[in-house]
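Visitor: Next come the chains, spelled out residue by residue.
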Amino acid sequence: MWGVIVNRFKQKFRTLSYPPDVPSFPKRFRGRPVIAAAETQTPLDKDKDPLGTVVLEKKPVLDMGKCLFNEDIKRIFSKEILTYSQDHRMAVSKREDLILRDDEIRLAAALEEKTKRIFGRSLKLREVCAGSCGGCDAEIQAMSNVVFDLSRFGVQFVASPRHADGLMITGPVTKNMELALKKTYEAVPHPKIVIAVGACAISGGPFQGGKEVHDGVDGLIPVDLYIPGCPPHPLTILDGLLRMLDRLEGKNRAIKGRRGKF
Amino acid sequence: MGNQELYVHNGDSWELSSIPEVDADAFRQRILKECSQGARLVNLFAAAENGGGIKIFAILGKDQEGRLSVLSRRIPQNTDSFQSLTPELPQAHMFEREMAEQFSITPVGHPWPKPVRRHEQIYPFYRVEGEEVHEVAVGPVHAGIIEPGHFRFQCHGEEILNLEIQLGYQHRGIEKMMEEVSAERAVLLAESIAGDTVIGHTLAYCNVLESLSDCEDSPRAEAIRAVALELERLSNHSGDLGGLSTDIGFLPSAAYFGRLRGEFLNLLMELSGNRYGRSLCRPGGVLFDLDEAMINDFRERLLMAQKDLKEISELFFTKSSVLSRLEGIGVISKQAVKELGLVGPTARASGCGLDVRTDYAFGMYRFNHIPISTVLSGDVYARALIRWLESQRSIEFLLDVLEQIPEGDLQVKVSALKPDHMALAMIEGWRGEIVHVAMTDSNSRIVRYKIKDPSFHNWMGLSMAVRGAQVSDFPLCNKSFNLSYAGHDL
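If you read the sequences in order, they're chains V and Y. In case it helps, this note's numbering puts the first sequence at residues 1 to 262. In case it helps, this note's numbering puts the second sequence at residues 263 to 752.
Bear in mind the hints are in silico, worked out from the structure with no lab data behind them. All C-beta atoms, glycine included, are put in the ideal place defined by N, C-alpha and C. Treat each hint with caution, since some may be false.
Which stretches of chain Y does chain V cover? Using the computed rule of at least three CB atoms under 8 Å from a CB of chain V, they are [what the hints assert, rightly or not]:
1. 515-523
2. 543-556
3. 631-641
4. 673-684
5. 692-701
Pairs of lysine to aspartate or glutamate residues, derived as DMTMM-like cross-links and limited to a Cα-Cα distance of at most 20 Å, are as follows [stated by the list, open to error]:
6. 569/Y to 658/Y
7. 48/V to 72/V
8. 27/V to 350/Y
9. 74/V to 446/Y
10. 27/V to 87/V
11. 600/Y to 325/Y
12. 741/Y to 589/Y
13. 376/Y to 350/Y
14. 27/V to 296/Y
15. 183/V to 382/Y
16. 175/V to 437/Y
17. 175/V to 215/V
18. 572/Y to 601/Y
19. 27/V to 394/Y
20. 27/V to 442/Y
21. 600/Y to 296/Y
22. 124/V to 224/V
23. 675/Y to 437/Y
24. 211/V to 363/Y
25. 10/V to 363/Y
26. 59/V to 96/V
27. 27/V to 325/Y
28. 116/V to 249/V
29. 12/V to 573/Y
30. 48/V to 441/Y
31. 46/V to 442/Y
32. 569/Y to 446/Y
33. 211/V to 350/Y
34. 261/V to 525/Y
35. 675/Y to 45/V
36. 12/V to 525/Y
37. 324/Y to 363/Y
38. 10/V to 589/Y
39. 10/V to 570/Y
40. 324/Y to 267/Y
Chain Y extracted, bound-state conformation (with noise of 0.2 Å):
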């Protein structure tokens, strides 16, 4: 059986041989056990062997530790199901219902194997049956500039009993295709996973690739590489704000947010030649550097939006009319969002201080820190304000990394990747925990590729927020969320 225990850091990688596999049932247990002691699932998925089976890997973390455990365990050719784990870790459902779609293996006592990406059959939605019970269905092509996603609301009068979100109509087989393309392709792949979470996407794939291969880019790539995604950040956030501002109707500061996002933007294309940072991380490195002229000129242009997003969030958060729309609208406690393992501003909005950033270091983020925002009570106003505090913390952290960026190459040469390996890169993107995972066979070739947009757990919580409110506050919390439909259909 080997070794029991295998711990890694973030962007390790380690020999596929060096993780242990035990039993089924031991493999329940240990999860089980790690999650009552404080752990937190941050991946279970499945993989092809060589033989036929099937195994199965869960990666846990231990945030205050700042280390991840790793284990596994097989699915013989000839068996087509395992015990599920969601009745007693509600956070393994969506991994499950994955896991059930992509290898036709049946989680066993999982209270609701539904699909999560496959159309071919038609899917009964759950019904709330009862005089006067109405249901509302939306999608896939909503009302607004949006992507497509079906929403059945269970209503009684205006008051929403059950949400269910039905999602997989921008499932384009991105994991399968980069298993399949050359590595020129897979990065092109990985920028076009989420359109609004380039940076962070590309960087978990550069990550991956650059410890597959042991290649280590340079301080100032990986300065340079900081910068792209705290602007990335920014620019979400503060379009966020515009998108509340403009679903409550208090329209100046939904005018001066969206100009405000595109300053960011601008940035991101003054930096890359793209408004989204497309073209700027490759592996072992960055595409484009920052001279003094434009190290200046972004200085420049950051303390004039710091000013701007002060003026701007202080009209929006000081206005009683504002708050009175906010308040105690889709609350999700701090209990929900451990039990579904919810992750990024939701989480720490609710009170959960979880931050890739600072609990799995990675980067320029090793050698400047940056504090960490949480606000307690888990409703729109939190997820708003979360909005306004990491935004600030954003800008002071850019400030601080351009008054000094290391030197280095731009970009380092990949060597080939390690035969028989596993590595895993953990990004703290603008929605969440972005966690990209890859493993090579004994010719270096990737052969799974998994990739989990924090999408993927918050969905979930969308559905609990909106449980007893009104209709009408549907849009309202749907923005204060602002998930994405293909980083989580892929």
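This is chain V alone, in the form it adopts within the complex (with noise of 0.2 Å):
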């Protein structure tokens, strides 16, 4: 008894004070990628990007949805063109506004005023893995423990279609899944909101075209939010969320000291 309270006393309040503030990421870590402005004929090497992420229109342009985040890929140029922010916001309502033509990106929309009302202040998904590699999975999970602590905005994860507001899904759906994906998305009650987490999801990842996968969930179901990344950081999976829900107000504050860094 004694052990569990001075064990409490000792492990301190550990829940992020997000949103606002946001802790600041490791400088490696790979947020929205951006490509340098002014850039237009630089050419491209193809090998170093073998999922097609960024194609030259009248300059080069990368689509978030195949991007894998991975460091590689900023080899596809001969000098400093691509790199990674910082900024750990990328959650979009339309496939399209993934892909990168600006600075600029359209984040993702909030609900419907009638839908919003229906759902109230909770939302109650249902997450389903079609055939993910379990990392965006661990994410969405990660999402529960205390320092992210989901449930404060009244979010949360149900055990049955049939009691959940939505779905979330994961992996690029495996030809094994289709079904049992298909039905799960039937026995939600209307209205009802699919979002789609991880590159795998959106476009099949590193699987995309392969004999055994769909690419993605587009196609199968109707998606209302998109959610890059290999995997998404809780926090942009978070603030996809809170985007939808109209819950993020004003700008994100950085946090300082030791409790404001990951």
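Starting from the two chains in their separate frames, assemble the complex, guided by the hints.
Guide: Here it is in structure tokens:
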């Protein structure tokens, strides 16, 4: 008994004061990619980008839905043109918004007033892993730990799709999971939302074009929120959810000191 | 027939022509004889031959001697079956089912030749008939945030008579893709075999490629790889202890262990920019260095984690309410571990001291040794305790390695692969023995890539652990194994 109390005291309070405070990510963290402006004629080394993440239009254009946020892809340019920022905010409402044409990104919009009213102040989600490696699922689960403490926002993962307001899907959707995914989707009562988490669920990720998988959720069931990453950081997922629920107001603030660091 | 014996070590590559080829009967007898003398079936897989036939390769591990023997046999084009080893050697059961599925050859005499990953046909589950016997079906979509798989229980009241686990929902066809895609893409696939074992599987892939191209990466790169591999182990072990706390309803340590897991993941993010260590390991070395300031920061944070781990574990492992829920549940005997060929912490929790880091030492582990922990009781308690013990050793190992990181280049160039060769790499991932084998053709192209995740063996261990247990003990037993669906399904 005393042991539990002493331990509780030593463990302190660990939940982030997010939002609005955002702890700083380490220097090497790969957040939203940035392509230097004004570069138009730089040739691409396509071998370094086997998934076709970057294409040359008038200038290089990057598809965050295909991006695995890997370090090697920076080398498609001989110069430092593609870099990663420290910005964790990347979730969008439309697939085409994931394609970065300039510095601006159209982050996820809030749900319609009516849907928001029906959901009220809570959101119940059913998670379906449809062929992911388990990385995205681990980050979704991590949102429930004491640091991120998802439940303080009224968001909860439930055991049955019949209790859910929507689905959170990871993985490229393997052929073997297609039926189970569709049945789970049908079991969710209307109105329902679908959130695709991670490169696999958005584009097939490293498995795109594979014989045993689909290239993500699109085309199988309609998607309302896309959260890119491989896997997305828990804060990236949380940011997407809160934007959709219209719960993020004002600007993010940086926190100082040890507690402000991951 | 050429030579009759070929002995290799972890990380070796050898010419395909040097592999002894024996006839069907000699193949069986050799495997059975060596396994009766303490060897273990590390791998058994088939590959298509140029002429249209199939060749089966067996890799037998002599854990005590740290070496492996390789042998092979042909299955001619006009035959579609082979004599199963499983009745005499149960640890062959998964390998043979896998070969049957991948190459349409029948293991004659296999007691349970059912699919591993394919779902084309409706599979009739094993059924127990009788008064008051009932069936519980779970999955593929489970109640929690976990990967999909199907569990079929045959129960009498609360007692589980049999549990059958049918997987394959996560099957993405990785092995086949590894043979078809470019090296740039293959490493990204290797990182996605199992999302919680990114470092383990990517290291195995890198070691195979380095071995096939006679490339030796620097001691510095090896040290950084070992740091990442142990951080991966620490994050998963503390996460599992948190999961076990949740499953028995002991919430203080559930919260603390969950937070501690994040601390280790954050160290990996500090090192590689990603919480799971993606983009760190590449053939020829690593992409990121550890500088003086980072090493000091790591040491400081590890010392803090060491203190936390001790305090939280002492809280967890001394509560009688915790112990009474863990002890005697889901017991696996040492004999069952040996017969089924179980690996990793599961084996060590049943008193089998096998660990690739010492038995087949690779990379940094050849210079900095890590003591192996074993527990004897084989129950959920043992599988929990082994995680605490191993975490302590890992932190000590890390502090030791960080004391003096050797010099060297981060990445050396990987040259062309040797033609007509086979290479093998074993890594002790946090779940156990990871084995990758690659074969090249005369044009130096990879024509066969074989991946084995520890879960491939250990799922059967879970089935055996819950036999005779209560249905309500299943989640706890499952968590104590915490196996990968993606790693099994590939």
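Visitor: For the pair supplied as a hint, residue 261/V and residue 525/Y, confirm whether the alpha-carbon distance does not exceed 20 Å.
Guide: Cα-Cα ~11 Å, so holds.
Visitor: Could you grab the alpha-carbon distance between residue 324/Y and residue 363/Y and see if it respects the 20 Å cut-off?
Guide: Judged against 20 Å, a Cα distance of about 28 Å means the pair is violated.
Visitor: Is residue 175/V close enough to residue 437/Y, meaning Cα to Cα at most 20 Å?
Guide: Satisfied, since the Cα-Cα distance of roughly 16 Å is no more than 20 Å.
Visitor: Take the C-alpha atoms of residue 324/Y and residue 267/Y, compute the straight-line distance between them, and say whether it is at most 20 Å.
Guide: holds, 14 Å
Visitor: Could you grab the alpha-carbon distance between residue 741/Y and residue 589/Y and see if it respects the 20 Å cut-off?
Guide: holds, 14 Å
Visitor: Are three or more residues of the region 673-684 of chain Y within 8 Å, CB to CB, of chain V?
Guide: violated (count 0)
Visitor: So if I understand the rule, the pair passes when the alpha-carbon distance is 20 Å or less; does residue 183/V with residue 382/Y pass?
Guide: holds, 18 Å
Visitor: Given the hinted pair residue 211/V and residue 350/Y, is their alpha-carbon gap at most 20 Å?
Guide: violated, 36 Å
Visitor: Is the hinted pair residue 27/V and residue 350/Y satisfied, with a Cα-Cα distance of at most 20 Å?
Guide: Not satisfied, since the Cα-Cα distance of roughly 56 Å exceeds 20 Å.
Visitor: Given the hinted pair residue 569/Y and residue 658/Y, is their Cα-Cα distance within 20 Å?
Guide: holds, 12 Å
Visitor: Is the Cα-Cα distance between residue 376/Y and residue 350/Y 20 Å or less?
Guide: holds, 18 Å
Visitor: Take the C-alpha atoms of residue 48/V and residue 441/Y, compute the straight-line distance between them, and say whether it is at most 20 Å.
Guide: holds, 18 Å
When held up to the earlier numbered hints, the structure conflicts with 3, 4, 5, 8, 14, 18, 19, 20, 23, 25, 27, 32, 33, 37 and 38 and fits the remainder.
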